[in-house]
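Read off the chains here:
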Amino acid sequence: MNILSLFVAVPIVMIVFLFLSKGMKQIRAIMVTGASALLVLAATLTVLFLKERTASPDAEMLFVSSISWFAPLNIAYSVGVDGISIAMLALASIIVFTGVFSSWNMDMAKEYFLWYCLLSVGVFGFFISIDLFTMFMFYEIALIPMYLLIGLWGTGKKEYSAMKLTLMLMGGSAFLLLGIVGIYYTSGHASMNLLDIANHLHIPYEHQRWIFPATFLGFGVLGALFPFHTWSPDGHASAPTAVSMLHAGVLMKLGGYGCFRVAIYLMPEAAHELGWIFLILTGISVVYGAFSAVVQTDLKYINAYSSVSHCGLVLFAILMLNRTAMTGAVMQMLSHGLMTALFFALIGLIYGRTHTRDIREMGGLMKIMPFASVCYVIAGLASLGLPGLSGFVAEMTIFIGSFQNADTFHRVLTIIACCSIVITAVYILRTVGKILYGPVQNEHHLHLTDAAWYERVSAAGLIVAIAAMGLYPSGVSGMISRSVIPIMEKLAGI
Amino acid sequence: MEYSLFILIAPFFLFLVLGLLGMKMQPKVAGIIGTAGMGLCAICAYAVAYQYFFQTGKAGEEWQQLIPVNFEWLRFTEYLHIDLGILLDPISVMMLAVITTVSLMVHIYSLGYMHGETGFQRYYALLSLFSFSMLGLVVATNIFQMYIFWELVGVSSYSLIGFYYTKPSAVSASKKAFIVTRFADLGFLIGILILSYYTKTFDFGTLTANHAELVTNSFAGGTFMGLSLATWALALIFMGGAGKSAMFPLHIWLPDAMEGPTPVSALIHAATMVVAGVFLVARLFPVYFFAAPDVLTLIAYVGTFTALFAAIIAITQTDIKRVLAFSTISQIAYMMVALGVSDYGGHDGLGYMASMFHLFTHAFFKALLFLGAGSVIHAVHSNEMSQMGNLRKYMPVTNITFAIACLAIAGIPPFSGFFSKDEILAAAFHNHPLIFWTLWAVAGLTAFYMWRLYYCIFWNGNKTYSEHHKPHESPWTMAVPLIILAVFSVFSGLIPFAGFISSDNMPFHTHIDWLVASLSIGIGVTGIAVATVLYLRKSNRPAEIAQSLGGLYRAALHKFYLDEIWMWFTQTVIFKYICMPIAWFDRHIIDGAMNGLAWTTQKSADSVKGLQSGQVQFYAWVFVAGSVLIAVLVLFL
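Same order as they appear, the protein sequences are chains A and B. For the first sequence, counting from 1, position 473 maps to 474 in the working numbering; every step adds exactly one. For the second sequence, counting from 1, position 561 maps to 937 in the working numbering; every step adds exactly one.
One should not assume that every hint holds.
[Unchecked claim] Derived lysine-lysine pairs resembling DSSO-like cross-links, with alpha carbons at most 30 Å apart:
| no. | chain 1 | residue 1 | chain 2 | residue 2 |
| --- | --- | --- | --- | --- |
| 1 | A | K491 | A | K368 |
| 2 | A | K52 | A | K368 |
| 3 | B | K952 | B | K839 |
| 4 | B | K979 | B | K769 |
| 5 | B | K543 | B | K952 |
| 6 | B | K952 | A | K158 |
| 7 | B | K935 | B | K952 |
| 8 | B | K839 | B | K985 |
| 9 | B | K404 | B | K979 |
| 10 | A | K368 | B | K404 |
| 11 | B | K839 | A | K158 |
| 12 | B | K979 | A | K368 |
| 13 | B | K400 | B | K576 |
| 14 | B | K979 | A | K159 |
| 15 | A | K159 | A | K111 |
| 16 | B | K985 | A | K158 |
| 17 | B | K985 | B | K543 |
| 18 | B | K935 | A | K368 |
| 19 | A | K159 | A | K52 |
| 20 | B | K404 | A | K491 |
| 21 | B | K543 | B | K404 |
| 22 | B | K769 | B | K846 |
| 23 | A | K52 | A | K111 |
| 24 | A | K159 | B | K434 |
| 25 | B | K914 | B | K543 |
| 26 | B | K914 | B | K935 |
| 27 | B | K846 | B | K935 |
[Stated by the list, open to error] Calculated Cβ distances over 12 Å to all of chain A for the following chain B residues:
| no. | residue |
| --- | --- |
| 28 | F382 |
| 29 | Q521 |
| 30 | I524 |
| 31 | S535 |
| 32 | M882 |
[What the hints assert, rightly or not] Listed next, the stretches of chain A that the computed footprint assigns to chain B, with coverage defined by at least 3 CB atoms under 8 Å from CB atoms of chain B:
| no. | segment |
| --- | --- |
| 33 | 52-61 |
| 34 | 212-222 |
| 35 | 475-489 |
Bear in mind the hints are in silico, worked out from the structure with no lab data behind them. For each residue, glycine too, the CB sits at the ideal point set by N, CA and C.
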């Protein structure tokens, strides 16, 4: 079996074992083993990939394999990875792993983890697929469990939020499906394979003009593109901890990845001609999300709006259509995934103890839970772009890259996007100052306990990843930057 | 000179050790480890300085730039990449010596001052982090490395200002410091973006080589709003420097930053971090001089105004640390002005040399003043002048060292401040009369408010203290750094600075311009004399004078209401008029549209769902009616 298929196989095996399991202990054992296996798998794959890369420097995708499963429409289970998918797989496996530790004490754990694993199947499947239809299928597999996970295990207005999130994302996938069907037929209905379409077929520009917006919008909804981002605050606020982590950390990256891999890669002409419309929308996302975050009082809302801003930057950078900015976009996906997962893990931790997420009702937590608070500060610093942590390298790559587009339109947008670094500092420091510093707000909080060991594993794991990326960025950046070349070649060809 | 890398590695390593394992250590152990590590670091820096200045630094007559370590950290484009490395040239080596010295003094001093505080280990970890960042900043080989460490010093400063994190005033001060400097850094970043786009490099050596030829050539012709793009880029970079170095109007964070522990104010907010902006301009001086002389003029005037403005406020303040904070702002402005009025090359570059010289001497006497103030605060447990007086009897060491520092800052020969300030005035004297006379007046104000401070603490009547709160001299851990710094404050002015540091790296000779010197001594002595008359003994005269000045006095006391303007701007403009409406718009318009869509769908579904009622009679009726309708249509159309 192809090593990539293991990413889908492992969660499926976990699901089978979960069916047979009895008792919390067994469930935890299965989850920890499975998640660790995925982590090891991702690490192994990275090493193998780097080796293979030097062996065959010209291949666009590595570990490619294909099994046809619906021949009349040329649908195949085709997999393959490049540096970008590797980065995404690594991100997903880290977050799935830490998410398990963040949902250590769940009600109805068996059912919860069943859906959790199914979600992982969708996520991993999406990142390894290079067949449009298979990709879409995995995308849908990832969306459905979200509805149940939020609707059943969530808090607050959970039914409303789950419904809203699912419907809006489904609306997005309707556009997406339209786009995929459009791509298939206008490119001569010969193949669903991304590489084939990109390299051997051509979508005429008059069709690209409608397919590109449909596809970009379809993926963009998941990437919290303004004005289709409102599912995100409500969805995150209601979702249980690990689901927020997975959702903001990985699922939202499906959007950016898809825009990149499908919309721009297959339709470079349209991206070049029509990109400006979306560039304005993403530019708005970046500052608009940040400004909205400043006045929120619910920790999860703050983080959700911050995600709108940071994910906006991802799409923004992709649309800059140059190598540096695109590399930065992928780095930002990684970086945002890690730090937002850390944020949600800590918010879950705090909420589990204080039973409130309102920043006005908390204060002085640094004294009560030093470990969790220090982690929160680190997450905040990563988010506001402190050098040495992941946010800085990603944002700087984006800004430098974007600024290489020399016309006034791009320049002005880049400078507007740069302003987000100040606004981010405002809302991060406001939150940190309110909840962690100052006098203790609520007497009942005094006897709360600091993070338990499983929560420490989760937070420490993410911090290590954030710091590693921040201190040694050139490994990640080099790997990604090399994988952007095929897209740059296509863009250069027009 | 690869061992210079140790100067950077040591504090970083200390930070990791103290940060991760500090809680498991005895506070004392953590303090000693931190101090010993910093001691090693200082020794290493002295070795580098000795070797550079006396052995390897010169190629022929010229001081050269040595780069013992440099590696690529992150590549952006074909041309642009961030390197991390160590650049040794006269100003960076000088800074290494200054930073490690002051930092070591502060480390030793804090053993006594911070004794028994909770979070002692955290304090030392953060001090190490700060030292690491500051050292990394001055040895940066390229502008992006400087930006990286620039942000890191910002964060260490943030964490140290907010060290007493349960105190709301400390928390808001730290937040303000970070956000104001972040705003300035936005300018810095955009400046870097513009500069690097045209020059295709971040490297300082390449940017400044051959009279900044690269910059003047690569920006050919680009203008924006009537100014050349090079001017824009360098003005924006200066904005970053103005933020860190507390130039008007971005100075508002510095007085509040005094909420941090006093040794931190001495290290970060007096001697080292706040001069980073001056250092930045000095580092890029040839670029400013040849590519954007307009910006240098701007720097000179901003600096002059700031110097005067801060000195006026300093006269009225009653919190001793705030007096020192405004004095710092004013003195840094002197350094900025010196760069602004400087020409390039040889004796024409006097201003450049004077700026660095003043940075050097100021670091010692200002650190001494802060540590002395800390010693006083430690003894009387208050920052307010009204709680002090007559302390010379209780604290002899502090008294004498503080007096030395006050003489130095007032510019009385042979103390160090005289020499450096004199060079600055001399640099401004010939070509910039307005700037010269303003600075001259500020020198008088400086002498006056410093001696006002000195008298109010150590003289001013026979204040008595209650028995169980009797002030006492500080322990030796605090006294020794005071004495060492006092020695530096006396003698550091005697160094022939022009032989080491100059705008074009060629040594030159300076001589004291006696006209300028006598003017400056005259005003300094006058300032001290006025202070002596007013404050040596307790009297009502200062209050009467303040009364007679009326509105001007009140405005200065309230720092010309800039803090209020800042509050209004952040709370009302940003929060209430920008963020709130956006959040409202998001909830009600954008999300409202989504909910409206859902609602419409539901309503339309509701209205047609009656058709699927399951009543066969109704279906049959519709069927028949429909058939008839179709039949009629077919027949008649």
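How the hints compare with the structure:
1. A/K491 <-> A/K368: Status violated; Cα separation ~55 Å.
2. A/K52 <-> A/K368: It is violated: about 48 Å lies between the C-alpha atoms, which goes past 30 Å.
3. B/K952 <-> B/K839: violated (49 Å)
4. B/K979 <-> B/K769: Between B/K979 and B/K769 the Cα gap is close to 87 Å, so the pair fails against 30 Å, i.e. violated.
5. B/K543 <-> B/K952: It holds: about 26 Å lies between the C-alpha atoms, which stays within 30 Å.
6. B/K952 <-> A/K158: holds (27 Å)
7. B/K935 <-> B/K952: This hinted pair holds, its Cα atoms lying about 25 Å apart.
8. B/K839 <-> B/K985: Distance of about 91 Å is beyond 30 Å: violated.
9. B/K404 <-> B/K979: violated (72 Å)
10. A/K368 <-> B/K404: Within the cut-off at roughly 21 Å; holds.
11. B/K839 <-> A/K158: Roughly 66 Å between the alpha carbons, so the hint for B/K839 and A/K158 is violated.
12. B/K979 <-> A/K368: Roughly 52 Å separates the two Cα atoms, so the pair is violated.
13. B/K400 <-> B/K576: Answer violated: B/K400 to B/K576 is near 48 Å, above 30 Å.
14. B/K979 <-> A/K159: holds (22 Å)
15. A/K159 <-> A/K111: holds (20 Å)
16. B/K985 <-> A/K158: holds (27 Å)
17. B/K985 <-> B/K543: Violated - the C-alpha atoms of B/K543 and B/K985 are around 62 Å apart, more than 30 Å.
18. B/K935 <-> A/K368: Violated - the C-alpha atoms of A/K368 and B/K935 are around 34 Å apart, more than 30 Å.
19. A/K159 <-> A/K52: With a Cα-Cα distance of about 46 Å, the restraint between A/K159 and A/K52 is violated, given a limit of 30 Å.
20. B/K404 <-> A/K491: Given that 30 Å is the threshold and the Cα spacing comes to 63 Å, the pair is violated.
21. B/K543 <-> B/K404: With Cα atoms ~24 Å apart, B/K543 and B/K404 stay inside 30 Å; holds.
22. B/K769 <-> B/K846: holds (11 Å)
23. A/K52 <-> A/K111: Given pair A/K52, A/K111 is violated - Cα atoms ~39 Å apart, limit 30 Å.
24. A/K159 <-> B/K434: violated (72 Å)
25. B/K914 <-> B/K543: Since the Cα atoms of B/K914 and B/K543 sit roughly 34 Å apart, the hinted pair is violated (cutoff 30 Å).
26. B/K914 <-> B/K935: holds (25 Å)
27. B/K846 <-> B/K935: violated (33 Å)
28. F382: B/F382 clear of chain A: closest Cβ-Cβ about 19 Å, beyond 12 Å.
29. Q521: violated (10 Å)
30. I524: The claim breaks: B/I524 does not keep its Cβ more than 12 Å from every Cβ of chain A (closest is about 4 Å).
31. S535: At roughly 8 Å from the nearest Cβ of chain A, B/S535 sits no farther out than 12 Å, so the non-interface label is violated.
32. M882: Holds, because the least Cβ-Cβ distance between B/M882 and chain A comes to about 35 Å, which exceeds 12 Å.
33. 52-61: That given contact is violated, which follows from only 0 residues of the segment 52-61 of chain A lying within Cβ reach (below 8 Å) of chain B.
34. 212-222: Violated - the segment 212-222 of chain A has 0 residues with a Cβ nearer than 8 Å to chain B, which falls short of three.
35. 475-489: holds (count 4)
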